[in-house]
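Asks: Modelling step: build the complete structure from the supplied sequences, incorporating the hints.
In case you want the letters, here they are:
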Amino acid sequence: MSNSMQTLENHTSSEYKYGFTSNIDTESFAKGLSEEVVRAISAKKEEPEWLTEWRLSAYRRWLEMTEPHWPNVKYPAIDYQDIIYFAAPKKKPQYESLDEVDPELLRTFNRLGIPLGEQKILAGVAVDAVIDSVSVKTTFTKQLSELGIIFCSFSEAVKEHPDLVREYLGSVVPPADNYFAALNSAVFSDGSFVYIPKGVRCPMELSTYFRINAANTGQFERTLIIADEGSFVSYLEGCTAPMRDENQLHAAVVELISKEKATIKYSTVQNWYPGNKEGKGGIYNFVTKRGLCDGDYSKISWAQVETGSAITWKYPSCILKGDHSVGEFYSVAVTNNFQQADTGTKMIHLGNNTRSVIISKGISAGQSQNSYRGQVKVARKAQNAHNFSQCDSLLMGDKCGAHTFPYLEVENPTARVEHEATTSKIGEDQLFYLQQRGLREDDAINMIVNGYCKEVFNELPMEFAVEAQKLLEISLEGSVG
Amino acid sequence: MLEIKDLHVSIEDKEILRGINLQVNPGEVHAIMGPNGSGKSTLASVLAGREEYEVTSGSILYNGQDLLEMDVDKRAHAGLFLAFQYPVEIPGVSTATFLKSSVNAVRKGRGLEELKPVDMLKLLRQKAAELEIDPKFLQRSLNEGFSGGEKKRNEMLQMSLLEPSLGILDETDSGLDIDALKIVADAVNKLRSPERSFIVVTHYQRLLDYIVPDFVHVLSQGRIVRSGDKSLAFELEERGYDWVREKA
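For the record, the sequence lines run as chains U and F.
The opening residue of the first sequence carries number 2 in the numbering used here; numbering runs sequentially from there.
The opening residue of the second sequence carries number 15 in the numbering used here; numbering runs sequentially from there.
Quick caveat, the hints were computed from the structure, so don't treat them as lab data.
Heads up, some of the hints might be wrong.
[To be verified] Chain U is faced by these chain F residues, among others (derived, beta-carbon under 7 Å): (1) Lys19; (2) Ala62; (3) Met84; (4) Val86; (5) Asp87; (6) Ala90; (7) Leu96; (8) Val102; (9) Ile104; (10) Pro105; (11) Gly106; (12) Ala119; (13) Val120; (14) Gly123.
[Unchecked claim] Okay, the calculated beta carbon distance ranges per label pair: (15) U:Pro69 to F:Glu83: 53 to 59 Å; (16) U:Gly402 to F:Asp80: 39 to 45 Å; (17) F:Ile25 to U:Lys426: 17 to 23 Å.
Remember, it's a predicted structure, so these values are computed and weren't measured experimentally.
Idealized CB from N, CA, C, for every residue including glycine.
Replies: Here it is in structure tokens:
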């Protein structure tokens, strides 16, 4: 192995920096899953009967389903009876100001660099911070509510806006859509709810930080965003999780509904614990994310930077039902050490004159495996659909793998579908060139990687893009502490 | 300035350089000529610190320091600059971003303060104008889609920004038309000074019409087989490299 290959290995083998556990008292159920547990979760959350029944029917469907094994990932069998399905901070927080919040919690947020409170007000971002399963603090709600915007925890939405929840819950991702979606539908704990009324442009980025905190607690978040006719919203989801030895299952569901001429931009930075250098521990991230472009000229744009989790199984998708609707997917997925990612998107063209864009950038380092899996489907009646896909893979070192699985299903001859794919190694020529111009090896690697990801970073909101760049550096660094 | 003693270099067990001796004093311009495969570019790469070459014996002193012990970036900080024969493309990184990082990295390495953004912008504009480079060019991705001439001009821009004490030009003239050649030569001649030295690696005498060397060395099969003044280059042009091979 040449020296610079060695450097790449050093560079890409740093330790996870967000590994710690905070000591907030947590109230948890015993391990295991049954109808009783599903009922207990629903009761604990004081839910209406229809929702309890909805959960139970999902649970019964789940019992009949089998775990999917088609993704290009390997992991030991999950014992679903060995998981705690509900945990909530014991002190039920109802605060007007930050001073009343558990200082331990605030310290945790600060260590994670989450600027909750005053800093966020200056930055113009509303934060709905979720620690474990219960929303702890919601800011800006009042300002948003003046515009008729609803931005609250899912539980609160069930209580305050039951009609909206009932109308849209499961309308994009049906309870029995897939194994993990069914599990989520049965036991989901909390999450976020957003409703943007007709013609309203949400004046700030809506942001939620999810965090898994209690050991052995599966996280089952549920997010529902509805953008009514002619509205616009940009939603940010970012997460870090503390160091943990046992694997943790995370099966979230995100549903987006974009009505006529409405736009939803959904950006994610995911930095959960990826496991240690030997591949021990780390989060299993099995997520179902799907958006419905329901109305004409509607648009849904997913942008994600995935650096964390031991295993990622995630395909944020768009159903382009309205005529002239647009779906976009911009992704950077980084795997290092023994991480495995099988991620991509689905673009389902149903309406006429629909367009979709897929830009996927995979970066594999260490002994990781990184797969892009994407489906473009054009239905028989969808005239003049257009898709452009670009899937690039960057390999760092010679022990990792990059795979591309594009699926095309075109049933209408007027469709135009373009696919480009490249695989490249981070070039020793490039490294040498930059170092000859005085850059340190680490800085040279960061410059090359950032350049490679630029098309995706350009799609992220400004502050998120900065965070994403930092995350990438942390994920791939090693020789510099 | 630079003292190469009995330098032997191999790549994958094949010996390319077989005992190079060369002394370069401050202010001198040395031309290294030779047929393809004689080891010219290898010498340039080894001086800059390229890793796939193995130095099996010999030494290189650069301003009194053991050059072979220095990392690639440290050599750049110490004033060694290599103008590449084939400058690499780095997609998504704008030329301006790269130039700023490079200038500040080298300044830091030399114990100078980083330039303020305003001063940096001024400097970039001024140097670009000197080389007749359109400022819009700086917004493009580094070397991506550049023509041969643009790439070489960009190399010269970097050289004039980094103000090296030893500039090494690795076949910078290859693939250039006469106008581009003049611009490159102009850039080098502007930088010539009593403290600054150059090693010009070239296959053709043509470039030496514009960059007039103090010394010419002919490399053949990994050795310097002849040294002389600029007239040696003309002799070579007339008689061809076979003449040198016979002598060797």
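Asks: Hint by hint, say whether it matches the structure.
Replies: Each hint tested on the structure:
{"no.": "1", "hint": "Lys19", "verdict": "23 Å, violated"}
{"no.": "2", "hint": "Ala62", "verdict": "5 Å, holds"}
{"no.": "3", "hint": "Met84", "verdict": "11 Å, violated"}
{"no.": "4", "hint": "Val86", "verdict": "4 Å, holds"}
{"no.": "5", "hint": "Asp87", "verdict": "5 Å, holds"}
{"no.": "6", "hint": "Ala90", "verdict": "4 Å, holds"}
{"no.": "7", "hint": "Leu96", "verdict": "5 Å, holds"}
{"no.": "8", "hint": "Val102", "verdict": "5 Å, holds"}
{"no.": "9", "hint": "Ile104", "verdict": "6 Å, holds"}
{"no.": "10", "hint": "Pro105", "verdict": "6 Å, holds"}
{"no.": "11", "hint": "Gly106", "verdict": "3 Å, holds"}
{"no.": "12", "hint": "Ala119", "verdict": "4 Å, holds"}
{"no.": "13", "hint": "Val120", "verdict": "4 Å, holds"}
{"no.": "14", "hint": "Gly123", "verdict": "6 Å, holds"}
{"no.": "15", "hint": "U:Pro69 to F:Glu83: 53 to 59 Å", "verdict": "55 Å, holds"}
{"no.": "16", "hint": "U:Gly402 to F:Asp80: 39 to 45 Å", "verdict": "41 Å, holds"}
{"no.": "17", "hint": "F:Ile25 to U:Lys426: 17 to 23 Å", "verdict": "19 Å, holds"}
Of the hints listed earlier, those the structure fails to meet are numbers 1, 3, in rising order.
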